[in-house]
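Asks: Those protein sequence lines, which keep their order, are chains A and B.
For the first sequence, position 192 matches number 326 in this note's numbering, and the numbering has no gaps at all.
For the second sequence, position 282 matches number 416 in this note's numbering, and the numbering has no gaps at all.
Derived from the structure by calculation, the hints contain no laboratory data.
Beta carbons: idealized from backbone N, C-alpha and C, even for Gly.
Some, not all, of what chain A presents toward chain B, calculated at C-beta under 8 Å:
id : residue
1  : E220
2  : K336
3  : Y349
4  : F350
5  : A351
6  : P353
7  : V360
8  : T431
9  : Q432
Some chain B residues flagged as far from chain A (calculated, every beta-carbon gap over 12 Å):
id : residue
10 : D185
11 : Q188
12 : L191
13 : T227
14 : N233
15 : Q237
16 : G244
17 : S286
18 : S297
If you anchor each label on the Cβ, the simulated ranges turn out as follows:
id : chain 1 : residue 1 : chain 2 : residue 2 : range
19 : A       : G153      : B       : G328      : 27 to 37 Å
20 : B       : R346      : A       : D410      : 24 to 34 Å
21 : B       : A388      : A       : S224      : 31 to 41 Å
22 : A       : P187      : B       : S425      : 47 to 57 Å
23 : A       : T227      : B       : R346      : 34 to 44 Å
There are 2 protein chains.
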Amino acid sequence: MSVLVVGSVALDSVETPAGRVTEALGGSATYFSLAASLYTSVRLVAVVGDDFPQRGLTMLQERRVDLRGLEVLPGRTFRWAGRYGEDLNSAETLDTQLNVFAQFDPKIPGDFRDTPVLFLANIDPELQLRVVKEIHGASLTAMDTMNFWISSKRDVVTEVMRSVDVVLVNEAELRQYTQTRNLSTAARQILELGPRAVVVKKGEYGCAVFGRDGYFAVPAYPSEQVCDPTGAGDSFAGAFIGSLASSADRSWRAIRRGVLHGSVVASFTVESFSVDRVVTLQREDVDRRLSELVSFTQIEPDWEKELIDANQYPTEARR
Amino acid sequence: MSVLVVGSVALDSVETPAGRVTEALGGSATYFSLAASLYTSVRLVAVVGDDFPQRGLTMLQERRVDLRGLEVLPGRTFRWAGRYGEDLNSAETLDTQLNVFAQFDPKIPGDFRDTPVLFLANIDPELQLRVVKEIHGASLTAMDTMNFWISSKRDVVTEVMRSVDVVLVNEAELRQYTQTRNLSTAARQILELGPRAVVVKKGEYGCAVFGRDGYFAVPAYPSEQVCDPTGAGDSFAGAFIGSLASSADRSWRAIRRGVLHGSVVASFTVESFSVDRVVTLQREDVDRRLSELVSFTQIEPDWEKELIDANQYPTEARR
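Throw the hints in and build the complete structure from the sequences for me.
Replies: As structure tokens, this is what we get:
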């Protein structure tokens, strides 16, 4: 089934220890769309300025992303500039020019309104709330947010959380929102608002999903060439939601499957600047790395019993 | 088979957001011994002052730890005082009094010399080197170290690494030693010195093992009551090495099994101050949590194929 994403399309200038790019394709909805397009058809709702390069549109169209919800306004496209130091886990923002994004007023084309799966990428939570009400028939809704909205519009962020099935959040933002250091305790606070699952993104440490039905954690794929972490979270979300949207299965098993797909696609994203790697990514690449990730994290099927029984040491000898 | 550990036995005063303890039982060899004693018989080589409390000795003896290598010198026992803030991942040292530990000169009792498994806990690498030469017939040798020795005696640390089968190190120290940010690249540098495996401890993020035969990572058990992280790494090492020592299996499978046991035992250690939890721990507790950790990190045996095949989306539709 199709996925509708509402978010940003931007031009990013990024500096990392591996190099730099200027005005490269970026934005939460961009990364999300390219990742999700590996799994299902994607409808994008966003805004760009009339300076937005044709090559950006072409990249998305080549992935069959439906751009009828991409509004082009007179003016400049949203620009972000940031720098990552040796610690690639967080960026220092050097410059933010909202430009036409400041007036973003998502317009959902009529035949997008029945999209069964909705992802609210990181935008003003008031807009997220409006969209989730417009697509009220969606069978699966998910959201992301960021520190800026948590500090400036916490109550609205809470309202959005109450309205969705899945909350994706990074660990620092989860702690900020809940004012709680322990992630399990923090995630439970969000589950109590209504979502079925809280997916906590931990950058190079992988991710964890806290669900009403259980807990699942996966380490990151151990990439040796982390080049630019921008878009890791959004492409994680794209593969996670895309994987879920590719079938009607909403079980705990399907959620965990989505987490593994998200981890793998994010691991490719960070290996190049901008969308360079995710835009060339094929399902065969994902599947190959998924098998590797399984071998890096999974024990043999017959192993659990042996795991426990193998270490025979008589209890009395320990007393 | 038996394990010989050479390390510190100390009295720790620790402050965390959960409370504080004064002059509680601590030290790398203490945590290691108590954890390893769940799996096999342990021989401890360390030094304490004549002020060391009898209850400390009793605790170790009740776990059948062989204390014939524990020297008692006139003077005061090694004392450490530290504080953990909200970020429980690292301690601020408030006070270190080496006392008799400053003259530590490990004396290996004659019948300890043929111990088949040796763990060099964090002590002066020159002493580690001497001990590894004295127990040269050990079939499995492992070491830990710390930032202090890496900056003051890096070359000697390297010599110890060349002499052992397994290096246990936390991620900050691995980066410090290799001057390399990427953990995979950094671990490979150590593997090139000779060890068969490098176990990287990441605190609340779990751990990863880089081996000549593969890579394996496990997230931490998601404890909701982290009280005092002191000794997490040493009790991880105790369970890891103890698990390996409990059989003659040194396969990659056995190493991964050890990592899972280490993770579980460490997760108990941090739930109380000092050795309070690890000293009461039983194998049944470990086994129960091991099953939980498996359910939190493992996918169903028949799942890998489905994981990959389930997301059917025709390739041509993506182009």
